[in-house]
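All chains should be modelled from the sequences, with the hints used to inform the complete structure.
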Amino acid sequence: MKRIEVTLSLPAIVPLLDVIKQMADTLGSSLAAPLRLDDLEAEFHTAWQSDLLTAQNADVRALLALFDQEFFTAHTVTLDEGNAEPVLRACSALRLRLRTEVLPALPDEALESGAVDLLPLAEPVRRAFLAYVFLATLQDLILSHLGSTILGGDHP
Amino acid sequence: MTPARTSTLPQTTARPETALGGVWRVVVLNDPVNLMSYVVVVFQKVLGFDEATARRHMLEVHEQGRSVVWQGLRERAEHQAFVLQQWHLTTILEPDETH
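As you go down the protein sequences, you meet chains F and B in turn. The numbering used here numbers the first residue of the first sequence as 182 and each following residue consecutively. The numbering used here numbers the first residue of the second sequence as 175 and each following residue consecutively.
Simulated from the structure, these hints should not be mistaken for lab results. A couple of the hints might just be wrong.
[As the list claims (entries may be wrong)] Computed cross-link-like contacts, DSBU-like style, restricted to lysine-lysine with a CA-CA straight-line distance of at most 30 Å: (1) LYS202/F x LYS183/F; (2) LYS219/B x LYS202/F; (3) LYS219/B x LYS183/F.
[Claimed, not checked] Listed next, with one range per pair, are the computed distances between beta-carbon atoms: (4) LEU194/B x LEU299/F: 46 to 52 Å; (5) GLY195/B x GLU186/F: 20 to 26 Å; (6) GLU262/F x LEU233/B: 25 to 31 Å; (7) GLU225/B x ALA303/F: 18 to 24 Å; (8) ARG240/B x GLY263/F: 29 to 35 Å; (9) LEU332/F x GLU234/B: 16 to 22 Å; (10) GLY222/B x ARG217/F: 20 to 26 Å; (11) GLY195/B x ARG184/F: 45 to 51 Å; (12) LEU233/B x SER329/F: 30 to 36 Å; (13) PHE253/F x GLY222/B: 37 to 43 Å; (14) PRO206/B x LEU299/F: 34 to 40 Å; (15) GLU268/B x HIS256/F: 28 to 34 Å; (16) ASP321/F x LEU194/B: 27 to 33 Å.
None of the values given here were measured: they were computed from a predicted structure. Glycine included, every Cβ here is placed at the ideal spot set by N, Cα and C.
Here it is, written out as structure tokens:
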């Protein structure tokens with residue numbers, strides 16, 4: 182099984198984990214990307230909402246599981262074929278939620294380019310932005326090293 | 175589209191069966207959050223695009239705010255939209271009036 186181990190700095194990551202866990206809590210009851218399918222039958226809409234929420238929560242749990250006791254002793258997280266997809270999706274969900282909950286004041290262009298001046302930002306916003314960047318870095322790592330396994334394909 | 179809702183639950187709107195017939199488009203809308211590389215991989219995985227096609231649709235979303243990524247029967251369109259939403263891409267369905 183293809184896998185990558187990523188060594189992380191504990192002092193740098195632990196404060197970001199607090200932010201990520203806060204966002205994860207908010208994702209327990211609402212979708213990161215709200216449904217815009219207004220003409221779905223009400224029953225379908227409710228069922229979709231529920232199924233998407235269940236899947237989203239499972240993905241977020243997979244990401245949080247990376248930061249287990251082993252992470253706090255070995256300072257490494259392991260990404261492999263088993264968790265690449267859920268972690269990738271969870272990063273997306275958490276970044277979307279960070280955007281709407283903590284980073285709405287930052288311009289889209291700044292977020293897209295990463296060209297954000299951290300100094301003027303309040304500490305919670307600065308930390309949220311660093312978490313936002315960290316999650317993108319995790320996604321980049323997965324796409325670079327495990328992209329081919331993700332593209333094993335489940336399309337018809 | 176029929177956004178009519180009560181304040182508590184989505185409201186079922188009566189409509190003829192034929193409203194779901196015909197050709198439907200699956201449209202992905204832009205967001206400033208998801209990485210371009212992520213969107214390309216999602217399009218490849220979910221829709222079966224080759225990399226060049228996935229990249230072209232990603233750029234269309236990024237530059238024009240939306241891209242029609244699939245069209246066909248309503249049931250299948252709903253399935254595609256559901257899976258794209260699982261990957262946190264904001265997706266809408268539109269009837270293709272040209273068919």
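Taking the hints in turn, this is what the structure says about them:
1. Taking the CA atoms of LYS202/F and LYS183/F, the gap is near 28 Å; set against the 30 Å cutoff, the hint holds.
2. Pair hint LYS219/B plus LYS202/F holds up; C-alpha atoms about 28 Å apart against a cutoff of 30 Å.
3. Distance hint between LYS219/B and LYS183/F is fulfilled; the C-alpha atoms sit about 18 Å from each other, no more than 30 Å.
4. About 50 Å separates the C-beta atoms of LEU194/B and LEU299/F, a value consistent with the hinted range of 46 to 52 Å.
5. In this structure the supplied range 20 to 26 Å is violated for GLY195/B paired with GLU186/F, their Cβ-Cβ distance being about 52 Å.
6. At about 29 Å, the CB distance of GLU262/F to LEU233/B agrees with the hint of 25 to 31 Å.
7. With their beta carbons about 41 Å apart, GLU225/B and ALA303/F fall outside the hinted range of 18 to 24 Å.
8. In this structure, ARG240/B and GLY263/F meet the distance hint of 29 to 35 Å, their C-beta atoms being roughly 34 Å apart.
9. As the Cβ distance of LEU332/F to GLU234/B is approximately 21 Å, the hint placing it in 16 to 22 Å holds.
10. Under the hint 20 to 26 Å, the C-beta atoms of GLY222/B and ARG217/F, about 23 Å apart, fit the expected range.
11. Between GLY195/B and ARG184/F the CB atoms are about 48 Å apart, so this pair conforms to the stated range of 45 to 51 Å.
12. A hinted range of 30 to 36 Å for the beta carbons of LEU233/B and SER329/F is inconsistent with their spacing of about 22 Å.
13. Separation of PHE253/F from GLY222/B is about 41 Å and conforms to the stated range, judged on CB atoms against 37 to 43 Å.
14. As the Cβ distance of PRO206/B to LEU299/F is approximately 19 Å, the hint placing it in 34 to 40 Å is violated.
15. Roughly 49 Å separates the CB atoms of GLU268/B and HIS256/F, a value that falls outside the hinted 28 to 34 Å.
16. As the Cβ distance of ASP321/F to LEU194/B is approximately 40 Å, the hint placing it in 27 to 33 Å is violated.
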